[in-house]
Amino acid sequence: MDQQAFTRLKAELEEEHEVSAAFKELRTEDVACLTAEQAQELTSLFGYNTMIRLPERERDFFDWLRDHDRPVWDDLWTEEDEHQYYVSMAHLPSFLLGQRGFPICDLERQENFFFTREDIIENDGKVFVERALDVIAEKEQLSMDQAFLIEVWRGPIDQWRFAWMYNLSLEDVKDMVQWLIKEGILHVPKQRPENQPPIEVMPSSNGHTSHE
Numbered sequence: 002m003d004q005q006a007f008t009r010l011k012a013e014l015e016e017e018h019e020v021s022a023a024f025k026e027l028r029t030e031d032v033a034c035l036t037a038e039q040a041q042e043l044t045s046l047f048g049y050n051t052m053i054r055l056p057e058r059e060r061d062f063f064d065w066l067r068d069h070d071r072p073v074w075d076d077l078w079t080e081e082d083e084h085q086y087y088v089s090m091a092h093l094p095s096f097l098l099g100q101r102g103f104p105i106c107d108l109e110r111q112e113n114f115f116f117t118r119e120d121i122i123e124n125d126g127k128v129f130v131e132r133a134l135d136v137i138a139e140k141e142q143l144s145m146d147q148a149f150l151i152e153v154w155r156g157p158i159d160q161w162r163f164a165w166m167y168n169l170s171l172e173d174v175k176d177m178v179q180w181l182i183k184e185g186i187l188h189v190p191k192q193r194p195e196n197q198p199p200i201e202v203m204p205s206s207n208g209h210t211s212h213e
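When we follow my numbering, the leftmost residue of the sequence shown carries the number 2, and every step to the right adds one.
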C-alpha cells in the first residue's frame, strides 16, 4: 500500500482508538494492498482494543463451515452476536495475500485438527513428504493425503481449511487425517487442556468473551 493510502487508513482507525473496544471493517482493497510490515504496524498500534471484521473470503469460509460442521462453527462463533465474524486486530497479518486466514486451532468443546510442520513425525512422516515432493517434481498428480502433508509442510493448516481450499468432502478429509495419524505420519494434534479458559482479547458486545 502506498504511504498516502496507509496514512489515511491509520487516521480512520485512530478515530475510534480512544474507545474501550472498537469494531472496524477494513476495505477489501486495503487489506489486499497491505504489506507485512504495514500490517504489523497496525497490529502494534491498534491490536489491543480494535476488532476487525473478517474479510469477505474468510466469511465465505466460515459460512461454509457453518453448513458442513455446525458444532465446530458453534465453538467459534455466536449466532446472535451482532458483531459476528469480528476478531482481534492481532490477526490482520493472517488475512494478507498468500496467507491462510483465521486458523481453527483453539477449539474448546470440539477436537482440534490443526497441524504444523512439527507435527510431521520424524521417520515415516518425513519419508511421506519426500515422496510427495517427488510427485510434484515429476509434475504428476498428488493424492489427497499427499496434498495435505505438503500443505502442513508449507505452513500451519487445519483440516477444515484444507477441505474448503481443495473443494473436497469434509468427511473424506477427516477420514484421511485419521489415517495419517494412525499410520504414524502425523502426531495427534494438540488439544486445549481441560478447564483452561480461552485467551481473552476484549469483551464482545454481548458480554461474552471474545476469542483471539
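Simulated from the structure, these hints should not be mistaken for lab results.
The C-beta atom is built at its ideal place from N, Cα and C for all residues, glycine as well.
Please note that the accuracy of each hint is not assured.
Listed below are the simulated DSBU-like cross-link pairs for lysine-lysine, each with C-alpha atoms no more than 30 Å apart in a straight line [what the hints assert, rightly or not]: (1) Lys183 x Lys140; (2) Lys25 x Lys11; (3) Lys127 x Lys25; (4) Lys175 x Lys127; (5) Lys183 x Lys127; (6) Lys140 x Lys191; (7) Lys191 x Lys175; (8) Lys140 x Lys127.
What follows is a list of derived Cβ distance ranges for each label pair [unchecked claim]: (9) Asp82 x Asp135: 42 to 52 Å; (10) Asp3 x Val189: 25 to 35 Å; (11) Glu57 x Cys106: 18 to 28 Å; (12) Glu57 x Gly185: 32 to 42 Å; (13) Gly156 x Glu123: 16 to 26 Å; (14) Gln192 x Arg58: 24 to 34 Å; (15) Thr36 x Arg58: 16 to 26 Å; (16) Asp176 x Trp78: 18 to 28 Å; (17) Met145 x Arg28: 29 to 39 Å.
Going through the hints against the structure:
no.: 1; hint: Lys183 x Lys140; verdict: holds, 28 Å
no.: 2; hint: Lys25 x Lys11; verdict: holds, 12 Å
no.: 3; hint: Lys127 x Lys25; verdict: violated, 43 Å
no.: 4; hint: Lys175 x Lys127; verdict: holds, 21 Å
no.: 5; hint: Lys183 x Lys127; verdict: holds, 15 Å
no.: 6; hint: Lys140 x Lys191; verdict: violated, 34 Å
no.: 7; hint: Lys191 x Lys175; verdict: holds, 16 Å
no.: 8; hint: Lys140 x Lys127; verdict: holds, 20 Å
no.: 9; hint: Asp82 x Asp135: 42 to 52 Å; verdict: holds, 47 Å
no.: 10; hint: Asp3 x Val189: 25 to 35 Å; verdict: violated, 47 Å
no.: 11; hint: Glu57 x Cys106: 18 to 28 Å; verdict: holds, 22 Å
no.: 12; hint: Glu57 x Gly185: 32 to 42 Å; verdict: holds, 40 Å
no.: 13; hint: Gly156 x Glu123: 16 to 26 Å; verdict: holds, 19 Å
no.: 14; hint: Gln192 x Arg58: 24 to 34 Å; verdict: holds, 28 Å
no.: 15; hint: Thr36 x Arg58: 16 to 26 Å; verdict: holds, 19 Å
no.: 16; hint: Asp176 x Trp78: 18 to 28 Å; verdict: holds, 26 Å
no.: 17; hint: Met145 x Arg28: 29 to 39 Å; verdict: holds, 36 Å
Of the hints listed earlier, those the structure fails to meet are numbers 3, 6, 10, in rising order.
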